[in-house]
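Enquirer: Each chain, written out:
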Amino acid sequence: MSVKVSGGGRLAQVLRDGVHSDTRSAVIVVDLDGENSISSLADLTDADIDEMYEQPMQRVIAAIQEAHSTNCERIVVVVPTTGMSGGASYAPQAALAEAARILVKSAARQWGASGITVNAVAVEPHWFSIDTSISGAVAIAPRSLINEVSPVGIVTWLCSEAAGDITGQTIVCDGGLWM
Amino acid sequence: MSARRLESRVAVVTGAGQGVGEGIARRLAQEGATVVVAARRAETGEPVVESIRSAGGQAVCIVTDVSVSESVDACVADTVQQFGRLDVMVHNAFMGGIPHKLEKAQIDKHWTPMSRTGVWASLFCARAAMPHLIASSARSKGEGGGRLILITSPSGVEGSANIPLYSPAKAAQRAIAKSLAREWGEFGITVNCIGPVAGSPALLTAFDRNPALQQAIEARTPLGRVGDITDDIGSVALFLASDDSSFVTGQTIICDGGSFLGL
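Residue numbers (my numbering), protein chains in the order written: chain A, 8 to 186; chain B, 131 to 393.
Next up, chain A with everything else stripped away, as it sits in the complex (with noise of 0.2 Å):
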């Protein structure tokens, strides 16, 4: 069996040097970078947003049509928790972690009587280079953990046959970040 990791930047490398799986498997790996923080929304041109929220969220889309039509049964979808949680400066790139954490419900509600599992993996912002610093309520809460948090585990996990049962979910792998 083979799992396939879309995405580029450190976290998608990450994933494809650590992830192994005995089942088909797709993870996808948002394509957002924090770098491209704007300070203020009045400074937000529709070519930011286009860039931010509308083309990485198109290429979710695709990557995630892509992992259906290749017959994958686990699939995982891995954003910053900064959908959830929402962040000063980083609203397109909130919009599009949101977007692509919530695809991933009706995925699962569309794809769960074919036997496909879709799940989302949220981790700590500063993977997409958001700082955290001012970027929500993680720039108040103390992180619970202390040791350098990977995803690996958690999206081996739900890579595996062991997660057949788990679908549509959430997993929140940040240390105790967000709560």
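Think of the hints as simulated: they come from the structure by calculation, not from any bench.
Where a beta carbon is used, it is the ideal one built from N, C-alpha and C, also for glycine.
Keep in mind that a hint or two might mislead.
What the hints assert, rightly or not - Partner residues are not named here, just some residues of chain A that face chain B (Cβ under 8 Å, in silico):
| hint | residue |
| --- | --- |
| 1 | L51 |
| 2 | A54 |
| 3 | Y60 |
| 4 | Q65 |
| 5 | S92 |
| 6 | G93 |
| 7 | R108 |
| 8 | R116 |
| 9 | Q117 |
On the provided structure of chain A, position chain B as indicated by the hints.
Expert: Frame of chain A, contents of chain B only:
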């Protein structure tokens, strides 16, 4: 007789030519707001304006295509030129929602209309209204202030089996509301969402065609009915637009008679 809660306030309501937007426009006008009925077509917007005026309210129609940023900018500029201020921006307009299979969904047909009118337009409305909402908060001196209200859906939280791409568009609006609530808190502007299930013309038509649908929705709803666009949904918008909600921001109020309880 108590003072009306939005006396002297100016509100723009997009998609107010029918359905939920119309109900919100009527309710805000009942409480004294001057309402701009921002509708894509004057044929739908003007009758709502006439109806509001007949009931003693103040309203004008400004033809607006929310999917075009220049059109939204022009609507806000026209509003401020006519009335000197903008205190409440309600983005309700939305286009799309065609049932589809996710694996066969086409970007142009199934996604773009919803993304453009839901997500892009939320950002357009927020961006255009921002300086005027800041000014509104400055005028209020800590009591009340600028309000941005986005109309989302319970589907934006729970996903949808029938219209799978509808849900992410509505979810994105909630994330925008949370982000802007954080960003604009320093100005005293509140940003919230409403997730309604209401008797819009589209839903009532669907009920006429398929009574079983109405029975199914009412059966799963603890309050046993769908919401009234003015009395039920408009009243929630009134709360969020008024000084009563001054300490409420970044939230989604699901207004659906208790059908969805998973927030």
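Enquirer: So, for every hint listed, does it hold in this structure?
Expert: Hint by hint, here is what the structure shows:
1. L51: At about 6 Å, which falls below the 8 Å cut-off, the nearest Cβ of chain B leaves the hint on A:L51 intact, so it holds.
2. A54: Violated: closest Cβ of chain B sits about 11 Å from A:A54, beyond 8 Å.
3. Y60: With Cβ-Cβ at 7 Å, under 8 Å, it holds.
4. Q65: Nearest chain B Cβ about 6 Å off; hint holds.
5. S92: holds, 7 Å
6. G93: This interface hint holds because 3 Å falls under the 8 Å limit.
7. R108: holds, 7 Å
8. R116: OK, holds: A:R116 within 8 Å of chain B, min 4 Å.
9. Q117: Holds, because the Cβ-Cβ distance from A:Q117 to chain B comes to roughly 5 Å (cut-off 8 Å).
Taken one by one, the earlier hints fail for this structure only at number 2.
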